Structures are given as C-alpha cells and as structure tokens.
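Chemist: Each chain, written out:
Number of protein chains: 2
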Amino acid sequence: MNSRYIEIYEEIKKEILEQKIRAGEKLPSENTYCKIYGASRGTIRKALDLLVEEGFVHRQHGKGMYVLDHHLISFSFGGLASFKEAAESSGQFFTTLVPLFEKIRIDDSLHEKTKLPVDKEAYKIYRIRKLDQERVILDINYFLTEIVSGLTINQAEGSIYEYIEEKLGLKIGFAQRVIQVEPVTAKDRHFLDVKSHPVVAVVKNFVHLQDGTQFEYTESRHRPDRFVFTDFVRRR
Amino acid sequence: MNSRYIEIYEEIKKEILEQKIRAGEKLPSENTYCKIYGASRGTIRKALDLLVEEGFVHRQHGKGMYVLDHHLISFSFGGLASFKEAAESSGQFFTTLVPLFEKIRIDDSLHEKTKLPVDKEAYKIYRIRKLDQERVILDINYFLTEIVSGLTINQAEGSIYEYIEEKLGLKIGFAQRVIQVEPVTAKDRHFLDVKSHPVVAVVKNFVHLQDGTQFEYTESRHRPDRFVFTDFVRRR
DNA sequence: ACTCATTTGTTCGTATGTATG
DNA sequence: GCATACATACGAACAAATGAG
Chain A
1 MNSRYIEIYE
11 EIKKEILEQK
21 IRAGEKLPSE
31 NTYCKIYGAS
41 RGTIRKALDL
51 LVEEGFVHRQ
61 HGKGMYVLDH
71 HLISFSFGGL
81 ASFKEAAESS
91 GQFFTTLVPL
101 FEKIRIDDSL
111 HEKTKLPVDK
121 EAYKIYRIRK
131 LDQERVILDI
141 NYFLTEIVSG
151 LTINQAEGSI
161 YEYIEEKLGL
171 KIGFAQRVIQ
181 VEPVTAKDRH
191 FLDVKSHPVV
201 AVVKNFVHLQ
211 DGTQFEYTES
221 RHRPDRFVFT
231 DFVRRR
Chain B
1 MNSRYIEIYE
11 EIKKEILEQK
21 IRAGEKLPSE
31 NTYCKIYGAS
41 RGTIRKALDL
51 LVEEGFVHRQ
61 HGKGMYVLDH
71 HLISFSFGGL
81 ASFKEAAESS
91 GQFFTTLVPL
101 FEKIRIDDSL
111 HEKTKLPVDK
121 EAYKIYRIRK
131 LDQERVILDI
141 NYFLTEIVSG
151 LTINQAEGSI
161 YEYIEEKLGL
171 KIGFAQRVIQ
181 VEPVTAKDRH
191 FLDVKSHPVV
201 AVVKNFVHLQ
211 DGTQFEYTES
221 RHRPDRFVFT
231 DFVRRR
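Here the protein sequences line up with chains A and B, keeping their order. The opening position of the first sequence corresponds to residue 1 in UniProt numbering, with each subsequent residue numbered one higher. The opening position of the second sequence corresponds to residue 1 in UniProt numbering, with each subsequent residue numbered one higher.
Keep in mind the hints are simulated off the structure, nothing from the lab. Hints are all accurate, no fakes.
Per the computed footprint, the stretches of chain B lying under chain A, defined by three or more beta-carbons under 8 Å from a beta-carbon of chain A, are:
(1) 207-215
(2) 224-233
In the DSBU-like style, the derived pairs of lysine-lysine whose C-alpha atoms are separated by at most 35 Å in a straight line are:
(3) A:Lys-171 x B:Lys-20
(4) B:Lys-103 x A:Lys-63
(5) B:Lys-204 x A:Lys-187
(6) A:Lys-124 x B:Lys-63
(7) A:Lys-195 x A:Lys-130
Owing to the predicted nature of the structure, the values given are computational and were not obtained by experimental measurement. No residue lacks a Cβ here, since even glycine has one placed at the ideal position from N, Cα and C.
Using the sequences and the accompanying hints, generate a full structural model.
Modeler: Dropping the structure here:
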C-alpha cells in the first residue's frame, strides 16, 4: 500500500523508539540495511533521510549514523500533527469541550485574519482543551464548508483531522505557522482558566490541501505557563 | 566546490525570490529542467526537494510544481540561521551591543540548563539587539572554549557563526529548539526596554556540530510585542 | 468510458567522489 | 595505501495521477 521506503523508515523508527538501538549507538551501515531489507541503496537512503530530517539520527560522512539523544523532543508540536495525535504521543490526558459550533461567512476583515477566500462559507468552532481539570488551550477553527462538508459537533469533540482524512478522503498537504504572544482577550478570560496571566501564546495555522488550496485557519491560544513548542533544525 | 544539486537549487530559488516565476505559477517540468541544466532527473529532483521542504513550492502528482505565496515565510526564523543572516534577509536594521563577555566553568546547575558537559570552560556572552533605538532582544550565549577557541569581543559584535564556520572551519550540524514564555527577570529589565510587558518570549537553542557534539547553548529573550516565529510544515 | 501523452513518484543498478580510521 | 561508509550523479524502468481528446 505505502511505498517501500516509508515502510523501512517506520520499522527503523520503531526500533529507535523502542530503544533497540539506544542513543549514541551506531546504526547498521546503508549496505547492511540493503541486505536486511532486500532493497537498493537509494531506497534505504530515502528511508534514512526521513529519520535524519526528523532529528532521530545524525549522519557522519565516512563514519556512520548515530542515534540522537531524544531527551525532550516528545513532540508537543513538532510536525503538522492534529491535537489528538500530539496529545497521544505526549501521553498526557486531555479532554475537549465544544462551546461553539456554527456556520459563518468570510467577510473582508475575517479574510484579513484567516487568509481564507472572501464570501465563502465556513464552520467556526471553538474547542477548549482541558488538562488536569484546567482549561489551558482555546482552539478557534475555521473550516471551509465547501471542502469539509457534513461536519458535526460530535466529530469536533473527537478528531476533525481524522474525519477529513479518513471519512472524506482528503489529503492534507502543508501549513504555514506563526507563533506570537498576545494580550489576553475577554474571550480568553471567558473560556480559559487564565489565572493572573496577562498574555497568551498564540499559534496560527494556515492549512492547505495537497493541491494547494487553503481550507483551514486555526488559532490555538495557550495559557503561557503550559505552553512549550519544540523544534528540530538542521544547518543548510 | 558545492554539489550540482545545490547549485541548481540555488538558481531556481533565486528565480522564485526575484519573481521570475510568480506565486501560483507552474514551474518547468522535471524533464525540462534536465535539459536546461544538463543533469539527470535524480539530481533535479534532489534540488527541487529542497525547495519543497522549505515551503517555496508544492508538488502535485501528475500535474506539476507550483510556486507558493510566500507572504509569511519571507522573514522566517524557521531554519537554523544566525541572527545576522536573519536580520539581513528580513531587511530590518539591527545593531548589536555586547555588555558581557567572560569565561566561566560549567557547573551542575548550568549543565542542567544548558546541557553542555560539566566542568568544561565556556564563553558566556550577552548580546543586546537594538531595533529602532529600542533594545528588543537579549541573547545569552554559551560557547565551549575548547571548540570555539580564540573568540574576541569584536567577533561577538559581528557574527560568531561566521567566525566559527569561516575562520575555524567548523561545520554546524543541527539544533534542538524550545520556545516558551517566561516572566521577565531583573536581567531582562536591566538589558531590555521591556516597558510594562510582564513576560518575554524565550527561544532556547541546543546547537551541535556535524559530528554530534554540542558546543553551544543560546537563549534569546524577546520582548513579546516584537516576537514573531514563523514555520512551514508538511503532513506525512 | 477509454486511450494517450505528460508529469510526478518509486525503485533499481552502477559508478565515482570524499571523509574516516 | 587500504577498507569502510556516506555523498553525489547518471540512466533506466515502471507506477500512479492528471487532463486532453
């Protein structure tokens, strides 16, 4: 079903996550992997490229590949993951409330904010994420109804991405993301347990399908003391 | 000296940045590029992969590649760029002050914070970034003296990365990065024009050489109203 | 509905270059 | 100098998505 290099990538990643190869240890050479998986070196390299890119291993010309210490990259938000995926992989227990679920029309000022096309209809959804009985994240979602049709409040309580990808068969492509710090609004005070915090950490997502059309704008407003964003970057 | 696919990548990227191919427009096909550059398809694809990864273009199976609207990414701190590189590409005019430049020893509590090896010696440097006569960023750097030897206060006023890469010939590999929001400290109040802002946005960098050894810890403390972090992510 | 050319996606095999020990 | 391992490059083939006829 999937391509071979993805399968190999997932198998090796699993071995690293299960500590069958530990941090600091050397991976088998590319040629060894060729024999293990019966694949060409190009295919093996494509699989290993993914691990390098995600920060699981690093390569050294002439020496080999080594597993990196993954001490805290337990992805609060590393890639383009849904909230449910991120929460599950971080092992924390969240619950979701949906205090608002309605259809609206994108006007000029909303277009300015969301970059969604003017005059289209969209679902506007608020979702509150609770951790340890405290409301720490407010997600404000806009989905074009034209693309994400038939959404219900039930799905919003679970994973909307699951619905989009599995039920509708749509392929999510990429997102531009902006992180900023903003003063708390009346809405934040109403929907979050902001305590005395005067600001929130805001993550804005402009999400596109694989064909390049933007179908979503989401703004995640985090109570600053619970906000952590982790990232892995390579030079050049 | 560079590899062919890097050259090709840079040429095409230049064409996009100079708007010779505009947002929404289609790129020449891979086979066309093969003829243009006299390279194999594999090499062309490696060059194009980089553009895809950085969010300049998106690919559509069976159709072609299209240039993305780059309104957000243009002043991106998304990659592992030095402050000087980022400032130059964003076109803003910053100046740098160096109020502290000293050698210290990594003790246990500093190891906890920086992850640098205990008992090694390090440069500890404060650097203030001024924009429009306002001190908006405080960089706190630790560099292992063993690796980054011979650093002077003059270099610290320019680009330390330039010194590390060009003068010392060291190869920077990758960094783990954490973004958080923290209450202002007395140090922030002293070195930054924090105004009435009660918090700062903090970016922590754990930077490693290509051989995997960590040689730097840097904490960038931003006044929250001037802090923007942009990112580009793909769904896998 | 079907065929066909175009274009991207995956895989293979092979060769050569370069860094490490 | 030599063996090992990663880096780059070429060419070929077939698969899969798209759009035109």
